[in-house]
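A.B. asks: Input sequences plus hints: build the corresponding full structure.
Chains as they are written, first to last, in the numbering used here: chain F, 2 to 230; chain P, 47 to 351.
Hints may contain errors.
Anything over 12 angstroms on all C-beta distances counts as not near chain P; from chain F, calculated [to be verified]: (1) G31; (2) E66; (3) K92.
Once the Cα atoms are required to be at most 25 angstroms apart in a straight line, the calculated BS3-like pairs of lysine-lysine come out as [what the hints assert, rightly or not]: (4) F:K74 to P:K120; (5) F:K75 to P:K272; (6) P:K120 to F:K49; (7) P:K52 to F:K118; (8) P:K52 to P:K138; (9) F:K74 to P:K104; (10) F:K75 to P:K52; (11) P:K347 to F:K73; (12) F:K97 to P:K52; (13) P:K137 to P:K120; (14) P:K52 to F:K119; (15) P:K68 to F:K136; (16) P:K255 to F:K49; (17) P:K255 to F:K97; (18) P:K255 to F:K73; (19) F:K75 to P:K138; (20) P:K52 to F:K123; (21) F:K73 to P:K272; (22) P:K226 to F:K97; (23) F:K73 to P:K52; (24) P:K156 to P:K125; (25) F:K136 to P:K255; (26) F:K22 to F:K226; (27) P:K208 to P:K122; (28) P:K347 to F:K49; (29) P:K138 to P:K156; (30) P:K104 to P:K149; (31) P:K117 to F:K74; (32) P:K137 to F:K97.
Simulated restraints, written as ranges between beta carbons of each label pair [claimed, not checked]: (33) F:E115 to P:L269: 21 to 31 angstroms; (34) F:N204 to P:Y65: 40 to 50 angstroms; (35) F:N23 to P:I238: 46 to 56 angstroms; (36) P:S76 to F:F63: 45 to 55 angstroms; (37) P:I238 to F:S59: 40 to 50 angstroms; (38) P:V288 to F:D114: 25 to 35 angstroms; (39) F:E17 to P:L293: 50 to 60 angstroms; (40) P:Y65 to F:N215: 49 to 59 angstroms.
Everything labelled a hint here was simulated from the structure, so no lab data went into it. Please read all numbers here as calculations on a predicted model, not as lab measurements. Using N, Cα and C, we set each Cβ at its ideal position, and we do this for glycine too.
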Amino acid sequence: MKLIELRNVGKSYGEEFVILKNINLSIDAGEFVSIVGASGAGKSTLLKMIYADEEPTSGKIFFGERDISTIKKKTLPFYRRNFGTVFQDAKLLSYKTIFENVAYALEVQGAGDEQIKKEVPKLLEIVGLSKQSDKYPNQVSGGEAQRASLARALIHRPRVLIADEPTGNLDPVSTWEMTKLLLKINDLGTTIILATHDEAVVNNIYKRVVVIGNGTILSDNKRGKYSTE
Amino acid sequence: MFKSIKFVRVLREGWLSFYRDKWLTFATISVMTLTLFLIGATFFLWIGVQKTVDEVEKQINISIYFDFDVKEDKIKSIKYHLENKKIKEIKKISYVSKEEALKQFKEEEKDDENMTKALEIVGENPFPASLEIIATDSSYYEKIDSFFEQEYGDIVLSSNYKKNKNVISDIRNRIAFLQKTTFFLSIIFFLIAILVTFNTVSINIYSHKREFEIMRLVGASNLYVKMPVVTEGVLYGLVSSVTAITLLIVTVYVIDPFAQKTLENAQVFDFYKGSMFMMAFIVITAGILLGAFSSYIAIRKYLEK
Numbered sequence: 002m003k004l005i006e007l008r009n010v011g012k013s014y015g016e017e018f019v020i021l022k023n024i025n026l027s028i029d030a031g032e033f034v035s036i037v038g039a040s041g042a043g044k045s046t047l048l049k050m051i052y053a054d055e056e057p058t059s060g061k062i063f064f065g066e067r068d069i070s071t072i073k074k075k076t077l078p079f080y081r082r083n084f085g086t087v088f089q090d091a092k093l094l095s096y097k098t099i100f101e102n103v104a105y106a107l108e109v110q111g112a113g114d115e116q117i118k119k120e121v122p123k124l125l126e127i128v129g130l131s132k133q134s135d136k137y138p139n140q141v142s143g144g145e146a147q148r149a150s151l152a153r154a155l156i157h158r159p160r161v162l163i164a165d166e167p168t169g170n171l172d173p174v175s176t177w178e179m180t181k182l183l184l185k186i187n188d189l190g191t192t193i194i195l196a197t198h199d200e201a202v203v204n205n206i207y208k209r210v211v212v213i214g215n216g217t218i219l220s221d222n223k224r225g226k227y228s229t230e
Numbered sequence: 047m048f049k050s051i052k053f054v055r056v057l058r059e060g061w062l063s064f065y066r067d068k069w070l071t072f073a074t075i076s077v078m079t080l081t082l083f084l085i086g087a088t089f090f091l092w093i094g095v096q097k098t099v100d101e102v103e104k105q106i107n108i109s110i111y112f113d114f115d116v117k118e119d120k121i122k123s124i125k126y127h128l129e130n131k132k133i134k135e136i137k138k139i140s141y142v143s144k145e146e147a148l149k150q151f152k153e154e155e156k157d158d159e160n161m162t163k164a165l166e167i168v169g170e171n172p173f174p175a176s177l178e179i180i181a182t183d184s185s186y187y188e189k190i191d192s193f194f195e196q197e198y199g200d201i202v203l204s205s206n207y208k209k210n211k212n213v214i215s216d217i218r219n220r221i222a223f224l225q226k227t228t229f230f231l232s233i234i235f236f237l238i239a240i241l242v243t244f245n246t247v248s249i250n251i252y253s254h255k256r257e258f259e260i261m262r263l264v265g266a267s268n269l270y271v272k273m274p275v276v277t278e279g280v281l282y283g284l285v286s287s288v289t290a291i292t293l294l295i296v297t298v299y300v301i302d303p304f305a306q307k308t309l310e311n312a313q314v315f316d317f318y319k320g321s322m323f324m325m326a327f328i329v330i331t332a333g334i335l336l337g338a339f340s341s342y343i344a345i346r347k348y349l350e351k
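C.D. replies: Below, the structure is given as structure tokens:
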């Protein structure tokens, strides 16, 4: 079932800076898609357009049947709740503990305290952070912070997980742990869109690979590998 | 609908944000306290000027002197007639009999021997009966004087208006100048207070801009991001205004003994005592509104996407 579709999508800043042009991409529910390409290829911009943090200059993006350009600014937060996002920097709120950071994503949606007390520890256990739940972001390692960010992205059970270079700042061990977690989440049914330029991660996952370069899609393989050479 | 559970969380987030970054909170409160102190001091300045003006205006009056042969009853009937008509220009009319006028003169000139001798030479009471009139505004004296000239010209001997005209006009000009200056100073101080508060709160909010991005990314609605910031602004306003009020009261209290020494027993503390609640109300209201609106306006640009 088609979940996200980009039709002739382009993004440019003025006439000189063309980031993406004529992107046609369709992602099914439950898929694991790796968007790969060199730094500056437009991977992050593509992701931002999908969760409506950036508007395309041309073309249309559909989520399900809905053209997302028709979503009113006021209701954008509700649209964004379809997504969980993980970035290269964990983007945790420094003044909240790991538990509070994860809980925050539920709080903003109006979840009750009981639900928060029940679900947050469960997810922290899945990502291996039960012992770190009372610590602040500056008291945990980069890998742990990134896993906390992943837990926060998943706590509200989004339909799509968007991961933008989630392993960019991690050591090989943490990178491998993160990759395994992403695969596990995908197995449980969440659609994952991963932007990365890390060959090892993409090749280990061995799922759909979309290569972006020169502002367009250079290749799209169902079970692909990626090589920077 | 904004659920009550969210409302409690919004308050908690606002308090957390207020409490956690102590230096930033201290800096913001310090600047806001100074600006609110300025607003409170401006209010005191305004009250001071207004009370002084009232006092000065109370001293101004004119006397309408009646011919010697006009009977007391006639003058008193004019007084009652004018009082009953409730003329808006006239605040108070007092009848001063010939005897009272003489008594007042003697009292005022008791140290002047020449005057006492002059009175003895004249032999009889040289003072006419009069109506002493205090106007509701010093600008009405000319009108009142003309009124008596027109209506009672046949029995009015004279009035001291023309003699005092220049003095009254001079006092009026000074009062008007003082009031205008205070008014413009108040506006300038108030604008300074608004700008300084807005800039301080904006800088504070700017330092948290990354957090707003994170909040939006996890699906927080604009209102959910905005309200804790506004709550934080209200808290800044509240704490700053209470500090500013305390400082103002302490300042007045400290100035009091110095003022008594230098300004002929001026009771500064007593003078402002009656206005303290009004000042506190103005400063707290200004603090809360400034804090809330500054925060509300400053955060808007981070939530445009």
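A.B. asks: Now tell me if each hint is right for this structure.
C.D. replies: Hint check results:
no.	hint	in the structure
1	G31	holds, 21 angstroms
2	E66	holds, 21 angstroms
3	K92	violated, 5 angstroms
4	F:K74 to P:K120	violated, 81 angstroms
5	F:K75 to P:K272	holds, 13 angstroms
6	P:K120 to F:K49	violated, 94 angstroms
7	P:K52 to F:K118	holds, 16 angstroms
8	P:K52 to P:K138	violated, 61 angstroms
9	F:K74 to P:K104	violated, 62 angstroms
10	F:K75 to P:K52	holds, 17 angstroms
11	P:K347 to F:K73	holds, 17 angstroms
12	F:K97 to P:K52	holds, 17 angstroms
13	P:K137 to P:K120	holds, 21 angstroms
14	P:K52 to F:K119	holds, 19 angstroms
15	P:K68 to F:K136	holds, 20 angstroms
16	P:K255 to F:K49	holds, 18 angstroms
17	P:K255 to F:K97	holds, 16 angstroms
18	P:K255 to F:K73	holds, 23 angstroms
19	F:K75 to P:K138	violated, 63 angstroms
20	P:K52 to F:K123	holds, 23 angstroms
21	F:K73 to P:K272	holds, 18 angstroms
22	P:K226 to F:K97	violated, 53 angstroms
23	F:K73 to P:K52	holds, 22 angstroms
24	P:K156 to P:K125	violated, 30 angstroms
25	F:K136 to P:K255	holds, 23 angstroms
26	F:K22 to F:K226	holds, 24 angstroms
27	P:K208 to P:K122	holds, 23 angstroms
28	P:K347 to F:K49	holds, 19 angstroms
29	P:K138 to P:K156	violated, 28 angstroms
30	P:K104 to P:K149	holds, 22 angstroms
31	P:K117 to F:K74	violated, 85 angstroms
32	P:K137 to F:K97	violated, 67 angstroms
33	F:E115 to P:L269: 21 to 31 angstroms	holds, 24 angstroms
34	F:N204 to P:Y65: 40 to 50 angstroms	holds, 48 angstroms
35	F:N23 to P:I238: 46 to 56 angstroms	holds, 55 angstroms
36	P:S76 to F:F63: 45 to 55 angstroms	holds, 52 angstroms
37	P:I238 to F:S59: 40 to 50 angstroms	holds, 48 angstroms
38	P:V288 to F:D114: 25 to 35 angstroms	holds, 32 angstroms
39	F:E17 to P:L293: 50 to 60 angstroms	holds, 56 angstroms
40	P:Y65 to F:N215: 49 to 59 angstroms	holds, 51 angstroms
When held up to the earlier numbered hints, the structure conflicts with 3, 4, 6, 8, 9, 19, 22, 24, 29, 31, 32 and fits the remainder.
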